[in-house]
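Could you build all of it, start to finish, from the sequences and the hints given here?
In mature numbering (1 follows the signal peptide of the UniProt record, and there is no 0), the protein residues as written are -30 to -1, 1 to 185.
Hints were generated in silico from the structure; no laboratory data involved. Check the hints yourself; a few may be wrong.
Straight-line distance between alpha carbons at most 25 Å, and here's what the computed SDA-like set of lysine to any residue pairs gives [stated by the list, open to error]:
no.	residue 1	residue 2
1	LYS44	ARG89
2	LYS145	ARG158
3	LYS145	ASN100
4	LYS44	VAL62
5	LYS150	PHE37
6	LYS150	SER140
7	LYS44	ARG65
8	LYS145	VAL135
9	LYS153	ASP167
10	LYS44	HIS4
11	LYS44	VAL27
12	LYS150	SER75
13	LYS44	GLN176
14	LYS150	VAL135
15	LYS150	GLU131
16	LYS44	GLN19
17	LYS44	THR25
18	LYS145	TYR171
19	LYS150	VAL92
20	LYS44	ASN137
21	LYS44	GLN66
22	LYS44	GLN58
23	LYS44	SER75
24	LYS145	VAL88
25	LYS44	SER30
26	LYS150	ARG183
27	LYS145	LEU129
28	LYS145	ALA162
29	LYS145	VAL182
30	LYS44	SER13
31	LYS44	SER31
32	LYS150	VAL138
33	LYS145	GLU131
34	LYS153	TYR171
35	LYS150	MET161
36	LYS153	ILE166
37	LYS153	LEU129
38	LYS153	SER75
39	LYS44	VAL16
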Amino acid sequence: MAMAKRSLVAPLLVFTFYCSYLSVPSLAFADDFHRCLAINIPSQLVFTQRSPSFTPVLVSSIRNPKFNTPAMVKPRYIVTPTNASHVQAAVVCGRQYGVRLRVRSGGHDYEGLSFRSVRPEVFAVVDLSNLRSVSGAVDVVTRWQEVAPSLPEDLDLDLGENVVVGNVSSYESGKVWGEKYFKGNYQRLAMAKGQIDPDDYFRNEQSVPPLVRSQ
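Okay, structure coming up:
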């Protein structure tokens, strides 16, 4: 019995070390992401969790206070761009270092999915509150904002959540909630997402999955 216990110690230590090793790159890449932002975006527009203004900025447009809890999975960074080049820089840095972005524009988010995550992950928020009068320069932002005003006011996680398959939200699984919520517009929106963001970089638990048509 004692020998059996000792035989389990080494594999357990190896497994523990392996898990610790796997968790390091996410934080390391997040730090690299921050340094990348610092090169391209003024420091006063980027807030880390240690910034005194982080919490005020985070809660500034929370529509549903029930999500503002200590247990909420918060973004590691908040970027508040004042022009399109800042948005572009955040996207480039995020893609380069594997930090996903959630976009917050001030509306259509009563489930809080633009500033929180249902599951633990390293992510950043791009808060577009300073860009209400800017148009045209960033395709991902501009084209989606053209669609957003026609969408319902809030999503409901009780309708369902996305299932990620191969690191992309599944279009078929998304039908469970998407067709209830968007009705006949679900496929049209998914096709637009497939053109704008085919690898599903911008996603949350209830974002429209990309539908990519084969050529």
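Each hint tested on the structure:
1. Using a Cα cut-off of 25 Å, the hinted pair LYS44 and ARG89 holds, with the two alpha carbons roughly 10 Å apart.
2. At roughly 12 Å between alpha-carbon atoms, LYS145 and ARG158 fall within 25 Å of each other, so this suggested pair holds.
3. Between the alpha carbons of LYS145 and ASN100 the distance comes to roughly 33 Å, so the proposed pair goes past 25 Å and is violated.
4. Annotation: proposed proximity of LYS44 to VAL62 holds, straight-line Cα distance about 21 Å (limit 25 Å).
5. For the hint pairing LYS150 with PHE37, the CA-to-CA distance comes to about 24 Å; that is within 25 Å, so the pair holds.
6. Distance hint between LYS150 and SER140 is fulfilled; the C-alpha atoms sit about 16 Å from each other, no more than 25 Å.
7. At roughly 19 Å between alpha-carbon atoms, LYS44 and ARG65 fall within 25 Å of each other, so this suggested pair holds.
8. A C-alpha spacing of about 14 Å is found between LYS145 and VAL135, which places the hinted pair at or below 25 Å, so the restraint holds.
9. Our distance criterion of 25 Å between C-alpha atoms is met by LYS153 and ASP167, whose separation comes to about 21 Å.
10. Taking the CA atoms of LYS44 and HIS4, the gap is about 16 Å. The hint holds against a cut of 25 Å.
11. Distance restraint check for LYS44 and VAL27: the Cα-Cα separation of roughly 12 Å lies within the 25 Å cut-off, and the hinted pair is therefore satisfied.
12. Under the criterion of a C-alpha separation no larger than 25 Å, the hint pairing LYS150 with SER75 is consistent with the structure, at around 23 Å.
13. A threshold of 25 Å between alpha carbons decides the hint, and for LYS44 with GLN176 the separation of about 17 Å falls inside it, so the pair holds.
14. Our distance criterion of 25 Å between C-alpha atoms is met by LYS150 and VAL135, whose separation comes to about 21 Å.
15. For the given pair, LYS150 sits about 12 Å from GLU131 by alpha-carbon distance, which is consistent with the 25 Å threshold.
16. For the hint pairing LYS44 with GLN19, the CA-to-CA distance comes to about 9 Å; that is within 25 Å, so the pair holds.
17. Of the supplied pair hints, the one linking LYS44 and THR25 holds, its CA atoms being roughly 10 Å apart against a limit of 25 Å.
18. Distance hint between LYS145 and TYR171 is fulfilled; the C-alpha atoms sit about 19 Å from each other, no more than 25 Å.
19. The straight-line distance between the Cα atoms of LYS150 and VAL92 is roughly 30 Å, outside the 25 Å bound, and the hint therefore fails.
20. Taken as a hint, the LYS44 and ASN137 pair is honoured in the structure, with Cα atoms around 21 Å apart against an allowance of 25 Å.
21. Proposed proximity of LYS44 and GLN66 is supported: the alpha carbons are some 21 Å apart, at most 25 Å.
22. For the hint linking LYS44 to GLN58, the alpha-carbon distance of about 22 Å falls within 25 Å, and the restraint holds.
23. The suggested pairing of LYS44 with SER75 holds, with an alpha-carbon distance near 17 Å, which does not exceed 25 Å.
24. Restraint check for LYS145 and VAL88: the C-alpha separation of about 20 Å stays at or below 25 Å, so the hint holds.
25. Using a Cα cut-off of 25 Å, the hinted pair LYS44 and SER30 holds, with the two alpha carbons roughly 14 Å apart.
26. Restraint check: the Cα-Cα separation between LYS150 and ARG183 comes to about 23 Å, which is no more than 25 Å; the hinted pair holds.
27. Distance check on the hinted pair: LYS145 and LEU129 sit about 10 Å apart at the alpha-carbon level, within 25 Å; holds.
28. Among the hinted pairs, LYS145 with ALA162 is consistent with the structure: their alpha-carbon atoms are about 16 Å apart, no more than 25 Å.
29. Proposed proximity of LYS145 and VAL182 is supported: the alpha carbons are some 15 Å apart, at most 25 Å.
30. Taken as a hint, the LYS44 and SER13 pair is honoured in the structure, with Cα atoms around 20 Å apart against an allowance of 25 Å.
31. Proximity of LYS44 to SER31 is assessed by CA-CA distance (about 14 Å); at most 25 Å being required, the pair is judged to hold.
32. Distance hint between LYS150 and VAL138 is fulfilled; the C-alpha atoms sit about 21 Å from each other, no more than 25 Å.
33. A threshold of 25 Å between alpha carbons decides the hint, and for LYS145 with GLU131 the separation of about 10 Å falls inside it, so the pair holds.
34. Annotation: proposed proximity of LYS153 to TYR171 holds, straight-line Cα distance about 24 Å (limit 25 Å).
35. With a C-alpha separation of about 17 Å, the suggested pair LYS150 and MET161 falls inside the 25 Å cut-off, and the hint holds.
36. Simply put, LYS153 and ILE166 have alpha-carbon atoms about 21 Å apart, close enough for the 25 Å limit, and the pair holds.
37. Proximity of LYS153 to LEU129 is assessed by CA-CA distance (about 13 Å); at most 25 Å being required, the pair is judged to hold.
38. Restraint check: the Cα-Cα separation between LYS153 and SER75 comes to about 23 Å, which is no more than 25 Å; the hinted pair holds.
39. For a cut-off of 25 Å, the pair hint linking LYS44 to VAL16 stands: about 15 Å separates their Cα positions.
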